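**Student:** Sequence:
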Amino acid sequence: MPVIKFYSVKSRKSVEVDVSKVKKVMLKNGRPAAEAVDPETGTKMFKILSAADAALL
0 MPVIKFYSVK
10 SRKSVEVDVS
20 KVKKVMLKNG
30 RPAAEAVDPE
40 TGTKMFKILS
50 AADAALL
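Once you know that position 28 of the sequence shown is 27 in numbering that gives the first Met the number 0, the rest is easy, because the numbers rise by one and skip nothing.
By construction, these hints were calculated from the structure, which means they are not laboratory data.
A quick note: this is a predicted structure, and the numbers were derived from the prediction, not measured.
A couple of the hints might just be wrong.
The calculated lysine-lysine pairs, modelled on DSBU-like cross-linking and capped at a C-alpha distance of 35 Å, are [stated by the list, open to error]: (1) 12 - 46; (2) 9 - 20; (3) 46 - 20; (4) 27 - 12; (5) 4 - 43; (6) 43 - 20; (7) 22 - 4; (8) 4 - 46; (9) 27 - 9; (10) 20 - 4; (11) 46 - 27; (12) 9 - 23; (13) 46 - 23; (14) 12 - 22.
Whenever a hint applies, use it, and build me the whole structure from the sequences.
**Tutor:** Following this line, the structure appears as structure tokens:
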């Protein structure tokens with residue numbers, strides 16, 4: 000299963016989230032981004048995607 004790395008601000012560490020639990024969104028300027036929920040703290044995480052990560056979704 001492919002995973003995407005997010006940074007959790009609340010727990011101050013990198014978190015790997017399975018692609019099936021990531022929601023792809025598009026910013027106003029047209030860049031792809033991703034939203035996910037931190038499995039440990041339950042907080043929302045947000046990441047602007049690279050071209051390689053955007054291809055996974």
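**Student:** Which hint numbers doesn't this structure obey?
**Tutor:** No hint contradicted; all consistent.
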